[in-house]
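Two chains, two frames, a set of hints: combine them into the complex.
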Amino acid sequence: MQSDELLAVIGAGQAGAELAVQAREAGWPGRIVLVGDEASLPYHRPPLSKAYLAGAVSVDTLSLKAHAAYEKAGVELMLGRTVERIDRAARCVHFVGGESMVYSRLAFATGGRPRRLPEAALGADNAGNFHYLRTLADVDRIRARFVPGARLAIIGGGYVGLEVAAVAVKHGLHVVVLEAAPRVLARVTAPDISAFYEAVHREAGVDVRTGVQVECFELNRDRSRVTGICCRDGARIECDLVIAGIGLVPNTELAAACGLAVDDGILVDEHSRTSDPTIVAAGDCTRFHSALYGRSIRLESVPNALEQARCAAAALNGKERLHDSVPWFWSDQYDLKLKMVGLSQGHDRLVLRGSIEARSFCAFYLKGRRVLAVDTVNRVPDFMWAKRLVVEQIAVEADRLADESVPLKSLLPQ
Amino acid sequence: MPKLTIIEFSGKEHHLEAEDGKTVMQAALDALVPGIMADCGGSCSCATCHCYVDEAWVSRLPAPESAERDMLECALDPLENSRLSCQLRVTAHTEGLVVRLPKSQV
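Residue numbers (numbering that gives the first Met the number 0), protein chains in the order written: chain X, 0 to 413; chain D, 0 to 105.
Where hints are given, some of them may not hold.
Stated by the list, open to error - List of simulated lysine-lysine pairs, DSS-like, C-alpha gap at most 30 angstroms: (1) X/LYS318 x X/LYS366; (2) D/LYS11 x X/LYS408; (3) X/LYS71 x D/LYS2; (4) D/LYS11 x X/LYS318; (5) D/LYS102 x D/LYS11; (6) D/LYS11 x X/LYS71; (7) X/LYS49 x X/LYS386; (8) X/LYS366 x X/LYS408; (9) X/LYS169 x X/LYS49; (10) X/LYS408 x X/LYS71; (11) X/LYS408 x D/LYS2; (12) D/LYS102 x D/LYS2; (13) X/LYS318 x D/LYS102; (14) X/LYS386 x X/LYS408; (15) D/LYS102 x X/LYS386; (16) X/LYS386 x X/LYS366.
As the list claims (entries may be wrong) - Listed next, the stretches of chain D that the computed footprint assigns to chain X, with coverage defined by at least 3 CB atoms under 8 angstroms from CB atoms of chain X: (17) 26-36; (18) 43-53; (19) 92-99.
Said to hold, decoys possible - Simulated restraints on C-beta separations: (20) X/ASP221 x D/ALA62: 56 to 66 angstroms; (21) D/PRO33 x X/PRO276: 21 to 31 angstroms; (22) X/LYS318 x D/GLY95: 34 to 44 angstroms.
In case anyone wonders, no lab produced these hints; they're calculated from the structure.
Ideal placement from N, C-alpha and C gives every residue a C-beta, glycine not left out.
Next comes chain D alone, as it looks inside the complex (with noise of 0.2 angstroms):
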């Protein structure tokens, strides 16, 4: 199973493994890791699970659709690197992800 980092604002890392097509969102909260809230439960609908994709893997993951990035924009603190977590997939291709999490989804 391919593996991802997700660091909390705070600085504490989870080190996880995810089955092949789950969402990161998902895979955060399999993991109880704090700050991901998943309102809507993944349908794009609510930028509570946004993160920010660590910069080596910016241009390394499909670029978000125009629903994300219409949600993108109302996220607090958004970044260039801002996603939204639920559209994101882990893959082999993200094998060692590695996202942070933002201070705050509400």
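In isolation and in its complexed conformation, chain X is listed as follows (with noise of 0.2 angstroms):
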């Protein structure tokens, strides 16, 4: 090593393992440890909630890196341990355990944890059938029941939660999604295309219910076991498993406990620099201004991680990468390659490129001819020349959008 200095990256998700290796790539002349507090080498999460719950995919395919290319980049993995609170006076990371590292720059890829449910149903926290869905031990238990014929109950009506309704029922599990909404994907996307998934589940043979209100858990006499789940309206669900997937909450506890502004996410500036200047942040954790949406956002979501990630280790090493990219995000469900990108919130026009019952469109947020977001369906090409109808921010003729025989392509600067 050509220097003494350490950066400590908290967090080995996809944020943390891209941030300690391009840190290194960037030029970082010290030593890099890269903490986590899950034990299995860092892996892509997505196919958690499809092809590894499926069964399609082993687990070594998930490693987002083999361990020798951490070897190469100089990255040391200390694995399965969990940091317990930072001393930024001191630049000391201290263990849960008691040991402690000094370090010369910090790093938070601390990511998110899944929502829990409301006090309420609490009881049910503690049974062996019900599960939140985050990780790969998460996914690992909830395999072990994952079996044709079982009686599935889902609540949440999200991403996750549908993606795990696609992969159930075509597995030959019985299955149910409650969602508390009145329509699922109610938080993203566009009542029409809200009611396009609800169709597709249904004729796939979920049960689909909107509008529910979980109001208690059924436990076995030992409360070891969800038995049922009694909704608001008093319906009464029998199931064997449960798989709760109602959002995410940013691991934001102990960057706020040392100090760093906070405020649903942590804090960072263009370049992934919290307010303290030796501290970077990356990923589903953080919060920053979108030059694009003039606002503060917090994203989750892949790709996002991974960019934030680049900027953060060029700024640990005094270079510039602007994070200022556009946020995308993908869903697969049954034959349905969903692809977004952009943040809809604002729009005051849908407009509808190609057929719904055809599973072949795209949807298109407009706010006056400002194109804020698109969503499509089994699109590709169409989805990356939407992306960059949206970073671009081109004033578009929604009738041209809406026309097929336009090309988007056309529409965009030749």
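This is the structure:
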């Protein structure tokens, strides 16, 4: 090592792993220690609710990088370790169990954790067949009971819930989705798209129920197992397995406790720097100002985690890489490849291109002539052009967006 | 283990060995080859693992499926020999495969 400096990266998800390796690529001269509370090598989370749950891929295909890659980059892995607190004055990371490590620079990549059900439902939290879905360990537990014929109740009709429903029903489980809002995907898509996804799931055999409030859980005698779910409308759903997917809470406690500026996310600038110049942060745990949307946002997104990590790695080495990437997301359910770009909040008009019935369409969220966001289903090439419409804030005419005879590409500056 | 060569846009060559069945993308990530971003982790959703297959290899690899063809339409600087490295698997049949990386993935 050419330097005594130590970069400590707290959190070994997609952001942390990328940040640690890219910090080396960008020239960090000293030690790099990547700390994670899970025991496994950093892994891809998106397949957890899809191919891995379905048993279509093995655990070793989930690793982001092989062990040798970290060795080659000189990144020391400290896995299965939990950080208790950060002492910024002493530049010290304190671990649960008493050990500590002095850092020169610190990176938070602490990600998020599943939002828990409200207090009233907590009795179910300890039941062996009640699960949230965020980690490999979560899915390994779920898979033990993920068998044909089992009755699965999914609480929450968001991406995770619907992806799980798609895998489960194909796997032969009896699936009920309970969504509190009047429609699935309510937080992220327009009513037409929600209706489409509800129809697709129902056609596949999923019992999708919206506007349903979970009132309580029925447990077996020793409270080790949920046997049923009672809804406020009086319905009772018997189940063998419960999976709750009702959102993500950013892991900001460590950062807040050491006095960093936090507001539903660790606040970072366009270089991924926090309010402490020696500390950067990246990924789902951060909140930042989006120049594109003119407001502060927090994203739960792999592409964002990676891009922010690369910016943080540059900043740690005194280089500039501005973070202002457009948010994009994807969700695979059945034969549907849903890809979304941008944030639709504040749109005043929805324009459809293609045919919902034919399962191949784009939905453009417009504000005036500006495209704020686009959802595409089985329209990959259109997605890539749509992304440019959003990023470059190109003024469009709604009737041309809707007209399939007008190639999207032609709406971009030539 | 089958060998492959990845050549960066700058001309820098990486001579790798990868386990049978691994994707070219994963082999590149494991060897820290710059220029493969792989933002979607190999789910054929982002086109940031775009590469050009050496002409001698184009016809010897399984042809791209429709999802890959769709993505390639929107990769930066696509050519006839463009492929997504997340969809190319290293096997005994690809011993000696050579791919080149484009100028940029973003």
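Against the structure, the hints come out as follows:
no.	hint	in the structure
1	X/LYS318 x X/LYS366	violated, 36 angstroms
2	D/LYS11 x X/LYS408	violated, 34 angstroms
3	X/LYS71 x D/LYS2	holds, 19 angstroms
4	D/LYS11 x X/LYS318	holds, 23 angstroms
5	D/LYS102 x D/LYS11	holds, 13 angstroms
6	D/LYS11 x X/LYS71	holds, 18 angstroms
7	X/LYS49 x X/LYS386	holds, 25 angstroms
8	X/LYS366 x X/LYS408	holds, 20 angstroms
9	X/LYS169 x X/LYS49	holds, 11 angstroms
10	X/LYS408 x X/LYS71	violated, 42 angstroms
11	X/LYS408 x D/LYS2	violated, 39 angstroms
12	D/LYS102 x D/LYS2	holds, 24 angstroms
13	X/LYS318 x D/LYS102	holds, 21 angstroms
14	X/LYS386 x X/LYS408	holds, 11 angstroms
15	D/LYS102 x X/LYS386	holds, 20 angstroms
16	X/LYS386 x X/LYS366	holds, 16 angstroms
17	26-36	holds (count 6)
18	43-53	holds (count 3)
19	92-99	violated (count 0)
20	X/ASP221 x D/ALA62: 56 to 66 angstroms	holds, 57 angstroms
21	D/PRO33 x X/PRO276: 21 to 31 angstroms	holds, 28 angstroms
22	X/LYS318 x D/GLY95: 34 to 44 angstroms	holds, 37 angstroms
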